[in-house]
Every structure is written in structure tokens, then in C-alpha cells.
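Build out the structure end to end from the sequences listed, making use of the hints.
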Amino acid sequence: MKRLFLYLLALTPLLWYGCSGKGAEQRAEAPETDTSAILQQPETHGTEVKEVALPTPLDPTMVKKGSDIYDLKCMSCHKLTDEKLVGPGWKGVTTKRKPTWIINMITNVDMMLAEDAEAQKLLEQCLVRM
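Residues 2 to 131 in the numbering used here are what the sequence shown lists, from first letter to last.
Any given hint might turn out to be false.
[Unchecked claim] The following label-pair restraints were derived from C-beta to C-beta distances:
#1 Q121 to D60: 16 to 24 angstroms
#2 E116 to K65: 30 to 38 angstroms
#3 Q121 to P58: 20 to 28 angstroms
#4 S77 to K122: 20 to 28 angstroms
#5 E116 to T62: 29 to 37 angstroms
#6 E125 to P58: 30 to 38 angstroms
The hints are simulated quantities; they were obtained by calculation from the structure and are not laboratory data. We treat Cβ as the ideally placed atom computed from N, Cα and C, and that holds for glycine.
As C-alpha cells, then:
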């Protein structure tokens, strides 16, 4: 019984520190990313994209927006290398797939999984849908 009391007494300061909110203050000081441009971008889910016009060279502003979207929505499952994280790595994806395929896989997952054999193979490999 004394041992239990001593263990509880030793853990009390940890409990006080954990509930003090000091950790929340440190998290609040972390810099926030600017997501306003990402949130203003229109979603096109449910509408099949049949044509994608890519300017040459690519617009640096659009590249930055795409990078921000990747950081916000994609980085947790996809790496920019060929290594599989949750989903497949993206290295060389633009040489393997057409831009319309990539856009439709991002914005129309249900349609792609129902109709596209390559998308179905990716689902079998990764066991997780986007």
C-alpha cells in the first residue's frame, strides 16, 4: 500500500505539468502556414476532367500553390521520391501518367476506381483509397 502511495505521489508533479497548459503555449508560438490561397481554390470533384493545358514553362505562382496544397493535403501519404508511404511515391509520375489521369485521380477518385484499371491496381497495392 505504501508503494502505491509513493508511486502516485511521484506521478503527481507530472500530472500537474501535463494539465498546466504550458505545452499549449509552446504550440501556439509555432508559425502558421498561409492556407488562404489553398482554401480559395475551387474544388472540381465529380466533374471528369477531359483536357489539361500546361503552359511551358510552368507558372511559378501556380507551382507554389501546388506545393502548398501538397504540404497541406498530400504529404502525409505520398513522398516525392519513389518510396511508398501510405500511397505510392510520386517520382516520375508525370512520365508514367497523363495530366488528365493525375487530375482525375486526385479530384474524381470514385470514378477512377470504378472505371480505370490502373487506379484499381494502385488500390490493391496500397489498400487505402484517397
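The hints, checked one at a time:
Checked against the given bound of 16 to 24 angstroms, the beta carbons of Q121 and D60, roughly 33 angstroms apart, lie outside it. Range check, E116 to K65: about 33 angstroms between beta-carbon atoms, so the 30 to 38 angstroms window is met. Range check, Q121 to P58: Cβ separation about 35 angstroms, and the 20 to 28 angstroms hint is violated. For the hinted restraint 20 to 28 angstroms between S77 and K122, the CB-CB distance of approximately 22 angstroms keeps it satisfied.
Here the CB-CB span from E116 to T62 is close to 33 angstroms, well matched to the stated 29 to 37 angstroms. Here the CB-CB span from E125 to P58 is close to 37 angstroms, well matched to the stated 30 to 38 angstroms.
In summary, the structure is inconsistent with hints 1 and 3 from the numbered list given earlier, while agreeing with the others.
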